[in-house]
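Enquirer: In order, the protein sequence lines correspond to chains A and B.
Going by the numbering used here, the first sequence opens with residue 1, and the numbers climb by one from there.
Going by the numbering used here, the second sequence opens with residue 1, and the numbers climb by one from there.
Take the hints with a grain of salt, since some may be wrong.
Claimed, not checked - Here are some chain A residues pointing at chain B (derived, C-beta under 8 Å):
| no. | residue |
| --- | --- |
| 1 | R162 |
| 2 | P164 |
| 3 | T169 |
| 4 | L172 |
| 5 | T173 |
| 6 | P178 |
| 7 | V185 |
| 8 | P188 |
| 9 | A262 |
| 10 | W265 |
By construction, these hints were calculated from the structure, which means they are not laboratory data.
C-beta: ideal position from N, C-alpha, C; glycine also.
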Amino acid sequence: MFGIHARPAGGLRWVLAALPFVILVLVYTFASDVRHRANPSDKILPTAGQMVDAVDRMAFTRDTRSGNYVMLADTVASVRRLALGVVLAASVGLLLGLNMGLFPGLYATANPFVTFVSMIPPLSILPILFITLGVDELAKVALIFIGITPVITRDVAAYVARIPREQITKALTLGASPLALTYRVILPQVWPRLIENVRLSLGAAWLFLIAAEAIAANEGLGYRIFLVRRYLAMDVILPYVLWITALGFAFDWALRTLSRKAFRWNVAGEKT
Amino acid sequence: MSTPGFLRIEDLYKSYGPKRVLDNVDLAVERGELCTLVGPSGCGKTTLLRQILGEEFPDAGTVHLEGRPLGHPDTRRGIVFQRYSLFAHLTVLDNVLLGRQLTTGALERWRRRREFRDEAMRYLERMRLAEHAAKYPHQLSGGMQQRVAIAQSLILKPQILMMDEPFGALDPDTREDMQLFLLELWEQQKMTVFFVTHDLEEAVFLGTRIIVLSQYYQDDRGDTPTPNRGAKIVADYQLPRAALSTDVKRSPEFAELVARIRREGFDPEYRRHVREFNLSHPHSFRTLTEDEQRSGAGG
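Okay, chain A solo, but in the shape it has when bound (with noise of 0.2 Å):
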């Protein structure tokens, strides 16, 4: 079953791929049960049943001192950071690295300055941030903005860079100034990569907004775990950081099914 000749077929692939999980599961179980036996006030490894209660009580009730769903509003909270902090740094990645990978002026203009920012460990400049933003919601969207924007610029221009110089000298011959090269040409073809290029900068900047939400917010998914670890209470943090972990999956094949819904053209993965 796991030799190198082996094709798990369907029902089998679903076992296995289940069977991590279900260790995990077991593992866990176990191990909470022994010590809620030893002492049923453990808090340490709190029962399914508790994290239920957990659930219920900080996403279907309402917050007796704000009159909110808690977990409704940190979600909110937290998404609305992400996607902030997301799409301006695609946007502005986009658009630089575009005309970076075109213009070799501007490359070598830009370039350096791109490089020095992403080797700036982002968190180290967290305090920065705070001190001349404020700790309100600009400077958690500039952390996530700073963190990824680099790397999808730096993607982006050596994406195009690789374009071959074929498709441009024929985007000429046929006419094209360089600004119609740069958008109508060159740039719908970028689209596929910028997609997945930010699939993979999500994982980032979620840490980014984590952190940032640790050290200073009123709401939100990451300040609510740093919150409620005073107290030991793993019953809201694990089903926290289940939720999280879901809405990152969601994000992904959300991007992953935009991406194959859209540039139908681009489903072979070959160039022409």
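Using the hints provided, position chain B relative to the given structure of chain A.
Expert: Positioned in the frame of chain A, the structure of chain B alone reads:
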């Protein structure tokens, strides 16, 4: 002053670093010629094409089209490459339309959209591709892709159509089909074609004129210290325009011609002197420098 040559290259030199690739190349091509350029691999065929296309510029010498100097790539020259001629994100129809779309303003483009579309469809019909108009390039075979690329170039009616090994990536049968197809098209359209290939049989079969570019020759510049010589046009002559059939490729005359050109251009052991090049084509011209052909040296 009227100088011969619709496309005219004079005293062209090109080096990459210390290595000279093109060495005092002169060439005049007249309107309506189907001119094929052959030569051993690495002799600088593509380099010469790039100078004409405007992707690169010569170190010395001039390139003129219709009496006007040529610069960066523009609509005066059409090009079909071996690969990457088509835009993967556009349908076949949009690929052919692209030239029209890029050369007209938004308003005119909208007013004449139906006219442009019909025109592009006519080209696709001529390429026998009408039923594939809505497909993307990756859904077509290699031969079909090259036919689209030809239509894409022709729609702007370039003064000269350049082709760089356009059939080099095709299987032999498709290749012959495409050769016949190109000949038919050339007869219909009376276009000027500059066709670069490393395949000698293809060059002889297609061309009305064959130009052989080669680094295998000798001149009076001496052999020591090792002269840094680049390729020259070592042969240039008219080809018999045979019937539109590939049968001619099997004839003994054809084989003889191919063998002769192979010896003249492709054999490192066989180096003719610059004075003895076979430049019998009526449009052929050349200027040699003093060094290359010393008047004192015996003939």
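Enquirer: Confirm or reject each hint.
Expert: Hints and how they fare:
Violation of the interface hint for A:R162 is found here, the shortest Cβ-Cβ separation to chain B being roughly 12 Å, above the 8 Å cut-off. With 8 Å as the threshold, the beta carbon of A:P164 comes within range of chain B, its nearest partner Cβ sitting at about 4 Å, so the hint holds. Of the supplied interface hints, the one on A:T169 holds, with its beta-carbon coming within about 5 Å of a beta-carbon of chain B, less than 8 Å. Because the beta carbon of A:L172 sits about 4 Å from the nearest beta carbon in chain B, less than 8 Å, this interface hint is met.
Nearest Cβ of chain B to the Cβ of A:T173: about 5 Å, under the 8 Å cut. The hint holds. Below 8 Å, beta-carbon pairs count as interface contacts, and A:P178 has none with chain B, the closest being about 10 Å; its hint is therefore violated. For A:V185, the suggested interface contact is upheld, since its CB lies about 7 Å from the closest CB of chain B, less than 8 Å. Interface hint at A:P188: satisfied, since its Cβ lies 5 Å from the closest Cβ of chain B, which is below the 8 Å cut-off.
Contact between A:A262 and chain B, as hinted, is not supported at the beta carbon level, the nearest pair being about 11 Å apart and thus beyond 8 Å. Interface hint status for A:W265: upheld, as the beta-carbon distance to the closest one in chain B is roughly 4 Å, under 8 Å.
Hint check: violations occur at hints 1, 6 and 9; the rest are consistent with the structure.
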